[in-house]
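Number of protein chains: 2
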Amino acid sequence: MSLDRTSLIPALKNVATRLRIDSVRSTSEAGTGHPTTCCSAADLLAVLFFAEMRFDPKDPHNPESDRFVLSKGHAAPILYSCWAEAGAFDRADLLNLRKIDSDLEGHPTPRLPFVDVATGSLGQGACAAIGTALNARRIRSDYRTYVLLGDGESAEGSVWEAADVAAMDGLDNLCGITDVNALGQSRPTMWQHDMEAIARRWRAFGWHAIVIDGHDFDAILDALAEARRTKGQPTMILARTIKGKGVSFVEGKEGWHGRAFKKGEELDRALAELEQQFVGAPAGVNLPAQIPKPASRPRAVDAPRPVAPPAYKPGEEVATREAYGVALAKLGEADPRVVALDADVKNSTFSDKFEKKFPERFYQNFIAEQVMIGAAMGLAARGAIPFPSTFACFLTRAADFIRMAAISNVGIKMAGSHAGVSIGEDGPSQMALEDLAMCRAQPNITVLYPCDGVSAERLVALAAYHPGAVYIRTSRPKTPVIYGNDEPFVVGGSKVLRQSAADRVTIVAAGVTVFEALKAHDELKAAGTLVRVIDLYSLQPVDRDGLIAAGQAAGGRFITVEDHYAAGGIGDAVAEAVAPAGFTVTRLAVREIPRSGKPDELLDRYGISSRHIVDAVRRLS
Amino acid sequence: MSLDRTSLIPALKNVATRLRIDSVRSTSEAGTGHPTTCCSAADLLAVLFFAEMRFDPKDPHNPESDRFVLSKGHAAPILYSCWAEAGAFDRADLLNLRKIDSDLEGHPTPRLPFVDVATGSLGQGACAAIGTALNARRIRSDYRTYVLLGDGESAEGSVWEAADVAAMDGLDNLCGITDVNALGQSRPTMWQHDMEAIARRWRAFGWHAIVIDGHDFDAILDALAEARRTKGQPTMILARTIKGKGVSFVEGKEGWHGRAFKKGEELDRALAELEQQFVGAPAGVNLPAQIPKPASRPRAVDAPRPVAPPAYKPGEEVATREAYGVALAKLGEADPRVVALDADVKNSTFSDKFEKKFPERFYQNFIAEQVMIGAAMGLAARGAIPFPSTFACFLTRAADFIRMAAISNVGIKMAGSHAGVSIGEDGPSQMALEDLAMCRAQPNITVLYPCDGVSAERLVALAAYHPGAVYIRTSRPKTPVIYGNDEPFVVGGSKVLRQSAADRVTIVAAGVTVFEALKAHDELKAAGTLVRVIDLYSLQPVDRDGLIAAGQAAGGRFITVEDHYAAGGIGDAVAEAVAPAGFTVTRLAVREIPRSGKPDELLDRYGISSRHIVDAVRRLS
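Listed in order, the protein sequences are those of chains X and B.
Counting in our numbering, the first sequence runs from 1 upward without gaps.
Counting in our numbering, the second sequence runs from 1 upward without gaps.
Treat the hints with care, as some may be off.
One copy or two, either will do: identical chains are not told apart, so a pair holds if it fits within one copy or between any two.
[Claimed, not checked] Mimicking DSS-like on lysine-lysine, the simulated pairs with C-alpha atoms at most 27 angstroms apart in a straight line are: (1) LYS13 x LYS262; (2) LYS293 x LYS99; (3) LYS598 x LYS263.
These are computed hints drawn from the structure, not numbers from a lab.
Okay, chain X solo, but in the shape it has when bound (with noise of 0.2 angstroms):
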């Protein structure tokens, strides 16, 4: 900043003080929200926001734009107070917070433009950052991210594995800054005000930790500046505050929290000692004038190439999971922005495919699936198409950042291997069984599954290039390619795979069931009845016009047969597609706790192996 310190200061001071009436006016406003958790961040912000931060108001998507997360979430308020300061929308409607015709929503979520990821659902911020972070190496541009955290929210683990993963990567370009206000929603925080105890954490995962005053504007100053000298790992600012900071009849109470003053004179009175707290500024400043806008420099489109096609032999043994390796490094090859995330599993997910040819554009996360699809999260809001993978059974460990993903509409391209009981012998703790009913909940989340090499392959690429988050469940064990390398898929899609005009019932499968569906088919042929079969490869969204089709030429007979729980998977997303035609579903499924055996003895013991599906023909027909 060009401005000395005695200049800057009482002007930062002044927008610390309107940030904070800001917040008070709007959550009264509103009759809801958190102006005391706003309050113990606002000279935090204002110096963060006001002389530190290189952005443009007026193009938050600047490709070189410093980051900001909020992962206090609940401090939205001075969140947009911050950015109508700077200049980015009127003042005037920071009012409309937490209308339902307002994008002030209680929580900031990207329908407003600056904005990367949702939050409020507290201890997530740190990985989107992560992601942030990341995507700077990846385009080569010397952005700094920000994320502001509670000190609350540090007891969520997936902090540590932010913590971890940040310094692990040498992110020197991201800096935390913890609002240590001692107080949570219900009660004192777990350290309160023990800033050493909160340091010793930081600095055993591997971070610089700076402790502060959050009130001491030189020491913000300091610390951040600090920060940006840190090379070679990240920076936690650790700011002692104090809640309800300004309106001395709050700070530091509990019981506060989530609560907005009463209109009249509870408001009244919080707003007039803070008026008093404005102080003389020397004229002619204009802080929002002089955020140092970001770099605009040139930069190449990344144009991607085709896709190289499936190269499989019919009957070619291989399994989804494989092929979604192959998959994944011949997208590499054809679009720079794929970038692939693995929590210590790439050797059985095959992503180590993609890492052994692009290893920069590869992130390990060790076994912490939270700050894989965290980092996802932000990687995708910053432009980069990224794939993080694991067992699909341990995507549900991530299953809050899915929902948040969701709700950020971001597009992270989820990969999950091992599904059903068809992994065999590792029991029921490596099984994904609610894997698709996890994906499914979410209604713009879209949901693949495909049963052998070439359909894996296409369904992948596909994956890349659909907006927003997309699931991609594969399977262990190997099975025959049954399609040609030019098959055409589409999302939405599915195939019939075997039909004829004397078709008594309609069987949907997908991944593994597929080939028990049509080994049930030949043994019912054998027997004079006729079956149609289809490959439901596409779970979400669903060939509702297919499916109708094919009940309208199978007397409307429908059996569902699925490596997966009975609840929210292909059962419940045929029978829902079906139901207007009025046809009704018979639903093969895993039913009980699993255990450990080898695949065919379980996929039978467990009611979905061809042997099932034949006697469900025979019942229905």
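Knowing the structure of chain X, use the given hints to seat chain B on it.
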């Protein structure tokens, strides 16, 4: 122990060699498994089981028995070997590892009497161990809890949630041992053998950390003794080990994770090496026979008294979340086994009503949902009836723990508040719209969803005594009491709230949508259309017979309406239940990512208000 170390250690060494041989042999027989991860832990477990823990191999559930949790669940073969060595079952059974008819599964599950909770999803064991350690306090037993972690899994955030909570609770009856073998599945671990870096982390989190050579028997004995002497804080023994220790050609080598030795030359070579490691030991030493048995103190039986009934007036406005708190406090009064766990939202879920009465049975986990659920699992496994509660959306943070709770079949009684868009202004990050899908996906989780104060209290009491895991969904807004205080409720039941002989449609609702359905009923009735209204308070199991009977009486037309996304919730539950009768369902549910607004505005905007029900009825009938 009565033996001096010159006699003890050679005997322990021979135990360790037998454990290694068992682990190698059983995994080779299975053709799958993790022998090298067993070998690194063999010396640690030999000492722990045969020179430290007090237990009765024939009575693993003895309430005074020391507990052992194998957090690194893939080392299951050596766990089984320890129990076989101790005499719990015949050593020959070890060769049935991973077979479909054996309970010696790929990863441990409570199908085995000596396993409290299933492990195999990494990073969960320390959380469960907190539960068993808290339970010792609850029942005033001096039993100790030991948990063996891997260094790789220590990247999971849940481990650090556990670290925080155990330190905060001063659990000096808890002793962790980390088998630092420096190799993960696909690569070296994050901190490899930097023992001091690892120790710094545990110390920073408030633990007493001891660094040892994990193959030095004296050091292991000393460390366990030091842990026993350490008061006021938990101890973590950080044991530097070598993966594959004892089999020279794999020791410390990458590429051997999860690989059994091939039968034939490879296995023979490994076994030959191990056999040579037996040492001369003093005659007559029989370590298994010397395992100290737990005290068998007489204990009063915890006989529950009747739970005080609800005491509401008809029409009284009460939020089901508040009734949950009232019910929990009443349950606490009736049954000393009832405990409650919070994640810093007790004043929103109203679990603070329980805390006020029973502070010693209330466990605060701060903002850390994984350890809350994990600790509840450990408590439930040891006879407590734990009610962990938080906002329903934040239970998704613990989805993988809930999955493992289902596999463990432990009786945790989860309550999630603030379900659906009806929470209003806080916005989507705070709205649970996938929690029913998450819990219904598990085949053995009971799912209950009260709509008023009476049903909330009754369902909470039912949950306490219903076998297995239960999920109770509560709502934020106040709703009128519609049931009499004596109204009976059963798991798997439903209530017909409105009916006539001329009903044209059945509306199935639960929670807040019950009142939308009742409003729609009245409006339709005024216009001459009669509809049946069902309160589906039990979603899993579901009242199939009741629903089909309604369908038969009301033209086979169903409309479901739910404050939840379309997949995995009420619509799917009803559709599957009535399909055998040939009935289909029209679903009203939230079908896009919602936003902030007032509750009524949101119910209407997202298609689940009475107006939408009326429209749907008119379209159908």
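Verification of the supplied hints:
no.: 1; hint: LYS13 x LYS262; verdict: within (26 angstroms within a copy, 71 angstroms between copies)
no.: 2; hint: LYS293 x LYS99; verdict: neither (32 angstroms within a copy, 65 angstroms between copies)
no.: 3; hint: LYS598 x LYS263; verdict: between (67 angstroms within a copy, 18 angstroms between copies)
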